[in-house]
Amino acid sequence: MIKVSLEEKLKILADAAKYDASCSSSGSTRANKGGLGNAASCGICHSYASDGRCISLLKILMTNCCIYDCKYCLNRKSNNIKRAFFTPEEICEITLNFYKRNYIEGLFLSSGIMKNPDYTMEKLIETIYLLRKKYHFYGYIHVKSIPGASEYLIKKLGSLADRMSANIELATSSSLHLLAPNKSQDKVENIMALIKENKSSAFVPAGQSTQMIIGATKENDYQIMTKSSSLYQAYHLKRVFYSAYIAVNKDKMLPSLKMPPLKREHRLYQADWLLRFYNFQVDDLLDQENQNFSLLVDPKANWALNHLEEFPKEINQVSYNDLLKIPGIGPKSAKRIIKSRKYYKLTITDLQKMGVVIKRAKYFILCNGKYFLNQNYLKRNFIEANLILEDHSPLKETAKQLSLFDE
Amino acid sequence: MNNYIYLYDGTFLNLILVIQYLLKRQIKPLNIVDENIYQPNLLDATIKLNFEKEETNLYQNLSKNCQKIIYYNYLTDFKNKELVIYYFMLNALKYGPKVIYFQKLKCVNIALSYSHYVTHEAHKLKGFLRFRQLASNWYLGICNPKTDVIFILAKHFQKRLSNEKWIIYDEKRKKLILYDQKNLYFLTTEEILKKNLKFSEEELKMNNLWKTFFKTIGIESRENKKCQQSFMPKRYWENMIEMEDENEKNNC
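Chains as they are written, first to last, in the working numbering: chain G, 1 to 407; chain Z, 1 to 252.
Incorrect hints may appear among the rest.
Label pairs and their calculated CB-CB ranges [to be verified]: (1) Z/Y21 / G/Q233: 52 to 62 Å; (2) Z/L93 / G/E126: 53 to 63 Å; (3) G/E126 / Z/R235: 39 to 49 Å; (4) Z/R235 / G/K263: 47 to 57 Å; (5) Z/D77 / G/E126: 45 to 55 Å.
Hints are computed from structural coordinates only; laboratory data are not their basis.
A virtual CB, placed ideally from N, CA and C, is assigned to each residue, including glycine.
Make the full structure from the sequences, and use the hints.
Shown next, in the form of structure tokens:
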């Protein structure tokens, strides 16, 4: 065997790991107990890659060797690519040195399946154990649990990590069976259930997440969001990540997309936020007639346009929940509105100071009984056209908003 | 309103003492200025107060949150920050902790945005600061922030790099904080010449590994340099190892 340099290995195994969307480092309160590292519960981004995604963790695979042959995956066994393997000591060396230089918040470790799930899990555990116990590393560790591994191994790994996750990959088990015949949703959901039951400050304190590939199979947004919603409810996931399908392999089972469906992915994330922080239900946003999100208007504005009879809402009166339903108002500004209006009646200038996006909200609000536009224009077509044109304005890029925080 | 400009010695303590003095006597100053920056002219009448007792009782009476907002305002370089603090403190004493919801008041609104500005920059630098290992095994992190955030950074790194020896250096203010595995030391210094620094052997190896990782982790078919730059503004690039190549391209 030819000896591969550490740099070459890192190149191969970071390249193989980069399609995993998760990079968050938030939610853990692991404190330094005389070693290296201390979690920041808000999470910290250390850099941004050329695709604009945040780099928070050293995201690598232990190995890209894999006994499975999932159609969509770069590392499938039928692909003729360079393979590499990190020893546990090598992973520790890079992680510790990167952490000391403040390049990263911690480690995100995943792996191809070597021999069998249990063997792979043992290798992952060996690595994380070394980091935690020999090198006393208290930074953030996100580790992928291998579906099909024994329960005691999953528990062992979970007791060492801040976040543990298993990817559901596709929204329906029929699609998963088609593209990843070695995987099954049941095995993944077994892990999720196990994590939920055992979660504590000493077991996966930052909770679990999962990931779905978007656009590789024919599921519509309604199916995807329904799946997400049921996962959130059943297993208390912190996040579901959506990953626009990138055609890395040619296969007759796969669509040949030139560009990943980034806009669709963006809409799914927006809707996901609505479920988690805005008290929306999937059925508010989509139904049997409308199974996909509009690419022109964001899901929340779209909901408002479909329910114009509920608008305009009086800023100085309506409940927190109703405030959240107004386009241009988020949880932060809604909370500020509730607190502030106790002391004085809010006007539109006050709203601006609180971070409300006036150009979106103005169609949907009353301030002290005052509507800002001609009431005759409180019509779907008019508002929709304005919102769309606003989003696609070429002037938007040149005319930057005047703010303290412009760079 | 009287027509005096009150000078303070540039320290936070002295600023608070001056403001307390004015608030207690209900004096509205024309301005409050750091004597190190102040440029005398014939028209101004200035006063420098001397304090026998250094009591900060009015400030101590404020809520923790208001104290933090005031301190963070002090860390900025905005020219009117002293007056903003004066009027914010006046209102904070009058209304109590709920003052932060009175954004109708200009001083509250500005104080909040200045404070947010500092929080934001400190948070960015907690991520973007890069330590480099010197030949002496000390780690050196150089930054060039718009606000005086190295103390906030030092408190952050004291927790996570408690067994290392490091220095955080603010190029712009020529100030540094040094940590010797035990205590933090504040020093003002002469300029550190970057080209004279000697790094450890391991440093170069790690720099290269990090650059390799950084280049590899971006997905080509999703390239979005604009998004990258909006999250990571160019003014931080100079001291970020992974952006060295980009930065050189820009300077050419």
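Okay, the hints, checked on the actual structure:
no. : hint                        : in the structure
1   : Z/Y21 / G/Q233: 52 to 62 Å  : holds, 59 Å
2   : Z/L93 / G/E126: 53 to 63 Å  : holds, 59 Å
3   : G/E126 / Z/R235: 39 to 49 Å : holds, 43 Å
4   : Z/R235 / G/K263: 47 to 57 Å : violated, 31 Å
5   : Z/D77 / G/E126: 45 to 55 Å  : holds, 51 Å
The structure shown violates just one earlier hint, number 4.
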